[in-house]
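*Asks:* The residues making up each chain are set out below.
Protein chains: 2
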Amino acid sequence: MLLSLDRQSPLPLFVQIRDQIRDQIASGILRQGERIPPTRDLATRLGVHRTTVANAYDELQAEGWIAGHVGRGTFVTEAAKPAAGNARKPEQARAGVNNGLAWSNLLVPEPAEEPLESLMPEAPRGTLSFLAARPSEAFFPVEDFRRACNTVLKREGRRLLQQGPSDGYPALKEWLQEWLREEGISVESNQILITNGCQQALDLTAKALVRPGDAVALENPIYPGAVSVFRRAGGRLVGVPVRPDGLDLQALEMLLEQAKPKVLLLTPNYQNPTGTSLTLAVRRRILELAAAHRVAIVEDNIYGGLHLRGPAWPPLKALDKSGIVIYLNSFSKICFPGLRVGWCVAAPEVISRLRSVKQASDLHTDQLAQAALAEFGRSGQVARHLKLMRKVYRRRLEVTEGALEKQMPEGVSWTKPAGGMAVWVTLPRSLDASEILFRARERGILFAPGRLFFFQNAEPNTLRLSFAGLEDDQIRRGIALLGGLLKAEMRQRRKGRAPGRREAAVALV
Amino acid sequence: MLLSLDRQSPLPLFVQIRDQIRDQIASGILRQGERIPPTRDLATRLGVHRTTVANAYDELQAEGWIAGHVGRGTFVTEAAKPAAGNARKPEQARAGVNNGLAWSNLLVPEPAEEPLESLMPEAPRGTLSFLAARPSEAFFPVEDFRRACNTVLKREGRRLLQQGPSDGYPALKEWLQEWLREEGISVESNQILITNGCQQALDLTAKALVRPGDAVALENPIYPGAVSVFRRAGGRLVGVPVRPDGLDLQALEMLLEQAKPKVLLLTPNYQNPTGTSLTLAVRRRILELAAAHRVAIVEDNIYGGLHLRGPAWPPLKALDKSGIVIYLNSFSKICFPGLRVGWCVAAPEVISRLRSVKQASDLHTDQLAQAALAEFGRSGQVARHLKLMRKVYRRRLEVTEGALEKQMPEGVSWTKPAGGMAVWVTLPRSLDASEILFRARERGILFAPGRLFFFQNAEPNTLRLSFAGLEDDQIRRGIALLGGLLKAEMRQRRKGRAPGRREAAVALV
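Chains A and B are the protein sequences, given in the same order.
When we follow my numbering, the leftmost residue of the first sequence carries the number 21, and every step to the right adds one.
When we follow my numbering, the leftmost residue of the second sequence carries the number 21, and every step to the right adds one.
The hints are simulated quantities; they were obtained by calculation from the structure and are not laboratory data.
Derived list of chain A stretches under chain B, where covered just means 3 residues or more per stretch with a C-beta under 8 angstroms from a C-beta of chain B:
#1 151–157
#2 169–177
#3 225–237
#4 242–253
#5 351–358
#6 364–371
#7 374–383
Derived list of chain B stretches under chain A, where covered just means 3 residues or more per stretch with a C-beta under 8 angstroms from a C-beta of chain A:
#8 152–159
#9 216–225
#10 228–239
#11 246–252
#12 365–374
Which residues of chain B face chain A? A few of them, derived with a C-beta cut under 8 angstroms, are:
#13 LEU121
#14 VAL128
#15 VAL162
#16 GLN182
#17 LYS282
#18 GLY343
#19 PHE356
#20 PRO357
#21 SER381
#22 ASP382
#23 LEU383
#24 THR385
#25 LEU388
Glycine is no exception: its CB is placed at the ideal position from the N, C-alpha and C atoms.
Bound conformation, chain A alone (with noise of 0.2 angstroms):
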């Protein structure tokens, strides 16, 4: 059986062994009833710890792939096929059932596979899920929200309901002149583009600043979505290390110099998945280098409106004087993500470019959505409910950092972001979060392995928590879990065999 491990990839290795595994059976290299070698022979040849096989093997087992027989060992089943629900078929067996085109040979390969999509695993009813960064729904202020919508929809329904302008509606872009006035950026009107959220907002920069084989600079890691956008605009990309105490300013210069970057996208306010945040001399330092080198700044400042505590710096487009800024952000986390509403402020000529590409993209963003936020925004009702909500998540940030004094073996470390959604947690160097994530989901908690933000020189051995959506007690509860698997591996480890895993009776083939 021959497998091969690539330790850059955003993908565990055991997600690696269990995909090569499953293709060599839908492909027909391995055969049914054919023995597989045992987890602690195919660990030694792959030169990794037998947990990460038997990861593998529990998953094949579980999707119908394998099976375990008592002393006797591991086979291909009978069937080889994936047990009903949630097993995931391979590309290829997919492909054959098309008795038309085959559409494998028509679509565009995609860049990678997305490792969000599969890393996801489905949270059985109860999990404690530290996964997504979003905002808790329990404090959405869904009554004077719907009452929004009933003025508007009152009001102006027609118009709303008709076809508009590709840059937005204006009652929106109005009121985000007065909202981004509070951040010191003071814009005409031409100097805003309303988009479906932040995502949008990175796909229109892309579409507008890259062709294939610019270099692209990003924080590394960073917020995958970000990635996905890049790279399938052909980028090249480059990355600036983001380390647990914050951007590396060092590494920036010289890339700047070295790479050449068209675009460099930067998070000034608590970073996605860091939590760290640029100082004020930091922001003026990259607002310098960027001119001099002609690199156009995109700033994603999705985070910004969650400041937590600590002092609050201006973004990067209050201080940006020569107009190399897009800044980018969204309702998403400071109030519904459900409603894709994003807005991008730039210099006139890029606002220009990006409305004719939003209207190549799909002509504009949802108007019902547009103008009950612009409702809710001009009654007060964003700042409170954001007001509230930074209450809320100042309060669960502490408690998360409690429960992490508390929990944490030694040799863990964690950020201490000044707002945002997630502590960024860095555990010993022999640890891969992404397999202790697979066992952690067993025990009902999940949290977001760190490989999923890397897409270079992944630091498998890294994990965000995002404490936004769960209440106190629930983040003590999962802390607490984590803490005692954490432990429970390290101790393992020591002793050199994998925790709660019967032994592998299966010989070498």
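Knowing the structure of chain A, use the given hints to seat chain B on it.
*Replies:* Chain B alone, transformed into the frame defined by chain A:
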């Protein structure tokens, strides 16, 4: 003064003349105070009608670039600055304002000037606009829709406002399965993807299927938003001629043979702009051809719901046994374009890919709009509204045809669509509808000049009249005005001079 005209461009000749003179002034090639040639002379030199040059000069004068002096001629103005307000500054002038980045160097060059942008004149109040193919907002059941919004926000507000699945809100997908069954399309949930209207469905399809240089076959003329999408994706566009009597099947056969396109975009029902439809036999033949040539068909059925008279044929997707059709539709023509909700129907592996492209484009579609439309649909109100609108549009189509019959001079013909929102008019070869539009606007009517819809082999003597948004009386008055204008124009052309213009008292430079 050196001007070069491209008769194949989608831009009308007078726009080309206007823009080139404007650019020459802005860049200093034509200097302040310099005399420009009389319309008659320039027209002779360029081989165009004098009206064409006069139209260009009129716009330049309105924008403040040139001024006439009685008895002396026409000159570049001393200021050579555009008048405040509606003037369009050339790109170079704008780029000069930026004191930071030269954005024009960073922005990806646009595939072509967006013809719709430059040709959609702002309509003064009271204008009878046959321009856009939009539903009549006067009939929008705003109150009923408001109630649907209330129902869903009360029932599932928190869930709606929270982030949701990329493939669509489940309740809407369920309702669409029923709706599609009425059209003869029976599919599972994993064969449907919700998009932000048809425009995004086109964009996602292009992103999933087209790589730079891939041949893409489009109807010609066609909805310009489709051209924009596939051109931006780097597609090599090849045209399938659509004539007033319908798609040229022989040309399609040859094109499939020779150009070997990867994708064929078709509008079998009430094609935009021609209003023509494919017969059942032609639909079957095209499916055979596509299967034989292994080309993916993208079926745009956005007007399909607006069947007004005569036989109604099933969409290609309903006849598609081999799964080669990607079917696109939307709520934009049957009810509310302001909400931006559309859908794709395709083989599961195509939907799976489109979903991942959608996720990278904007995560998902607005959930309030999706849920409210599902509720609106489930309660039978989409069907009820559509039934009413079919009646209204059928009547308006008949009024349009009656007025055309009565008002059009000899030599003008038009299509007889069985559905949709527009009639396609062909003028005598000597007339350019985009120049007549210029005069028509002054008289208070607007239409869409045919050039907008051709991406090759433009036929400038065509125009599209969208009747959907006008009342019977407005249609009659508008077409009477158009008829009068055309008669005057044809009379004047026979006499060899443009109607209603002063003699330009200028000398050749």
